[in-house]
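**Q** Could you fit the two chains together into a complex? Lean on the hints.
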Amino acid sequence: MVMDKSEILKTVNAIFVDVLDDQDVILTYDTTANDVEEWDSLNHIQLVVAIEKQFKIRFMSREIQGWSNVGEMVNAISSKLN
Amino acid sequence: MRKVMNEHIHYICERIAVLSPIHSKKLRKNMEFFDDRYDAMADAFFKKYVGILQRDNKDLDYAIDCYLQMLADVTDETVEFLRTGKYTSTTFAEVNSRVYASPRVMEYYMHGLLMSQFLFKHHYQTLSFFIDTLPQFINTTKSYLEVGAGHGFYLSRALAILDERTTFTVVDISETSLKFTRQFTGDNRVDYILGDIFEFDNGKKYDFITLGEVLEHVEDPLSLLLKLNSLLSDDGVLFFTTPTNAPAIDHVYLFNNVEEIRDIVISAGFRIVSERSFLSEDVSAEKAEKYKIAVLFNAFLQKAGA
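Chains A and B, in that order, give the protein sequences. Going letter by letter, the first sequence gives residues 224 to 305 in the numbering used here. Going letter by letter, the second sequence gives residues 16 to 321 in the numbering used here.
Do not rely on the hints blindly, as some may be mistaken.
Unchecked claim - Covered stretches of chain A, as calculated for chain B (at least 3 residues, CB under 8 Å):
#1 250–258
#2 264–278
#3 282–295
As the list claims (entries may be wrong) - Below, in silico cross-link-like pairs of lysine-lysine (BS3-like), each with a Cα-Cα straight-line distance of 30 Å or less:
#4 B:Lys40 / A:Lys228
#5 B:Lys73 / B:Lys40
#6 B:Lys305 / A:Lys303
#7 B:Lys40 / B:Lys220
#8 A:Lys233 / B:Lys307
Unchecked claim - Some chain B residues judged to face chain A by a derived CB distance under 7 Å, without partners named:
#9 Leu83
#10 Gln84
#11 Ala87
#12 Glu92
#13 Val94
#14 Leu97
#15 Ser299
The set of hints was computed from the structure by calculation and includes no laboratory data. Note that CB positions come from ideal geometry on N, CA and C, so glycine has one too.
One chain only, chain B, in its complex shape (with noise of 0.2 Å):
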C-alpha cells in the first residue's frame, strides 16, 4: 500500500474513516491512485490552506466538515437524479438564491470544492492535464481571462505557469467565490471583476480563456461558449471543463453524455485541440453508463477557422 506522505492528508483520512466509513473506502482508493508530484502539490496547498483557515479563525476540522457537508449535498442530489433523471434546479434564479446569493451555503461549498480537488481522483486528473498542457502557450498568452474562478486554485496555477508579463482578469458572480480566490492567489496582477459574464465587455480580447465546471451552472451554455468565443482573441485557446451526469446544488443543465459536450462545442464555432473524459468513479465503463456517473470532459479549444 502506498505511504500517504502529507500529513494534513493523513489526518483528513483519519478523520473521515470515523466520520464517514462508506466515503473513507473511495479517498483510500484515491489515494493508492496518486503519485509524487500529487504529493508535492498537496502539500504546498495545506501550508497555504491550513495558514487561511487559521487567520479565519477556523482549522482543518472545519474543513473536513464543509467537504462532507458537499458530499451529503450531493449524495441526496444523486438519489434525486436517479429516481427522476433530471437535475433539481434548472433555472439560474433557483441555485442563485439557493446557493450563489447564500453566504452559508457559499461558505461550507467552497471550503468543500477547494478540499475535492485534493481528494477528488478526477479532480487531480483534470488539474494534472491542465497544467501539463498550459505551458505550450506561455508564448502566445498576454492575457488570461477565467470565468468563475470559484476557489481560484486553477488561477494561481495559471499565475503561476504564465509569463510575469500576462495580465489576468477573473469575472465571477459571486462574492464569496471572489473572495475565496483573492485569498488563495493572493496576487496584485488579477483584475477580480463581480459580475455576470454575459453583461461583461471591456472591448479587450482574451488570449488564454479558462471555464473550469461552469457550463452546467448555466440554462443555456451555448450562449455562454459563444460569448467566449467573442472574447478570445483569433488565436485564443479556451480550457473548459464540464462534466455529464454530475447532480449538485447548483447544477442546472444536464448533458447526458460526451457527445452532447462535443456538439455543443462545435455549434460554438470551436474545434477541440484536445480532450480528456475522466471518470468520478473508480469502475468500468459498462457500469458508468448503467449506473448514469459522472464524466469530467476537459478539452483545450480554439475557434473553428484558427
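If we strip away everything but chain A, and leave its shape as in the complex, we get (with noise of 0.2 Å):
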C-alpha cells in the first residue's frame, strides 16, 4: 500500500477522533502527547493497536515507546508501508 504522509495523518487523525471519543483532536506533525489531554498511557496502547490494525502494520517495542510526536509515529507508519 502506497500512502503519502498527508493521507497517513488523515487516516491517524480519524483513529484519534474515535480511539479518544473527541471529535475535536487535529493533530499535525508537530502534536505531542502535551496538546492532546486524552492521549494517556492507555489510549496510547490503543492507539498503537488500532493504528496496527488499520494499516495492517506492527510496531517495534523501541517504536512504540519512541515516539515524541505524531510525525514520528506518522514516519514509522510510512517506513513500513512504502
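**A** What follows is the structure in C-alpha cells.
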C-alpha cells in the first residue's frame, strides 16, 4: 500500500478521534501528548493497536515507547508501508 | 487541585512529567484520589525506602527509572496481549528464566513494583482493604505465612498490625525478592524460606496466609489454592489478590474475568468472606470490558466448612 504522509496523518487523525472519543482532535506532525489531554498511557496503547490494525503493520517495542510527536509516528507508519 | 504533601512524591511526579508525559497524566489523576492516610503512609515509606536506596549507593532517580522500565515492559506486553488475546508466557519455566532467575530484571522489577505501591490507585486501594480488614484477625492469628512476598511491603504491614507474639514465615522462589523483603521489614521475627511453595511442608498449619498477586504467576492456580488450603488451620483466613487481563513479563495464567477467579476459589474448597474489585484505570465499566482493562480482585477466604 503506497500512501503519502498527509494521507497517513489524515487516517491517524480519524483513529485518534475514534479511540479518544473526541471529534475536536486535530493532529499536525508537531502534535505531542501534551497537546491532547486524553492521549494518556492507556489510550496510547489503544491507539497503537488501532493503527496497527488499520494499516496492517506491526510496531517494534522501541517504536511504541519512542515517538515524541505525531510526525515520528507517521514516519514509522510510512516506513512500513512504502 | 489537591496539594501533593510528600516531598518525594512531589519529586517523582515532576520527574515523570519530564520523562514520560503520557504516564504523567495518569499519575496526576491518581494523586487527586489519594487521601490524608495515603500521605502519612507515603511519608513513612519513602523515608525508609530512600534510606535503603542510599545504603545501596542508589537514589530516587534510580527507582524512577526502574518504575518507568517496568511500565515500558507492561506497555509491550499489553500491546501483544491486545494483538493475540494471550499472555506472552504460558509456562513457569519461561518466566523463571526470563525474570526470577535474572538478578538484573528482578532488581528493576522489584523497585518498580515497590514504587507502584504508592503510585497506582488500585494498589493503594488493595493495600487499604488489607490493612483495614486485618485487625479483625489479630486475636485468631498466632501464625502468619506469606507466599511470594515480592518486595515485602504487605509483610511489613502485617508485622505492624498483628500481635507481637505472632510467628511470621515467608516462602519465596526468588532470592532477590527475599533480599528485598528482608531489607524492607528488618524484623527478626520472620523466618525466610527460599523455595517453591508446592514443595513446602514443615508440618505446621497457619492461621493467616497472604498471597498477594501470585496466582497469575503459576501455570495451575487451582493446585496452588489447594496447597494453601492444606496449609491453613481449620478456622484460618487466606487473603489473596490476583488480576484479570493484566499482561506482564512474568504473568502466566490469564483470568478473563472476576467470575473465573471466584470459580477457582470455590473449586479449591474455600468460601469468600469479603471481596473487592479495583479497576486499574479510571474508566467506565463499559470501556473496561471493551478494552480488556485489568481488574485487581481481592478477597478474604475461609475453608468452605469453617
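**Q** Each hint should be assessed against the structure and marked as holding or not.
**A** For each hint, the structure was consulted:
no.	hint	verdict
1	250–258	holds (count 3)
2	264–278	holds (count 8)
3	282–295	holds (count 4)
4	B:Lys40 / A:Lys228	holds (29 Å)
5	B:Lys73 / B:Lys40	holds (27 Å)
6	B:Lys305 / A:Lys303	holds (28 Å)
7	B:Lys40 / B:Lys220	violated (46 Å)
8	A:Lys233 / B:Lys307	holds (27 Å)
9	Leu83	violated (9 Å)
10	Gln84	violated (10 Å)
11	Ala87	holds (5 Å)
12	Glu92	violated (9 Å)
13	Val94	holds (6 Å)
14	Leu97	holds (5 Å)
15	Ser299	violated (11 Å)
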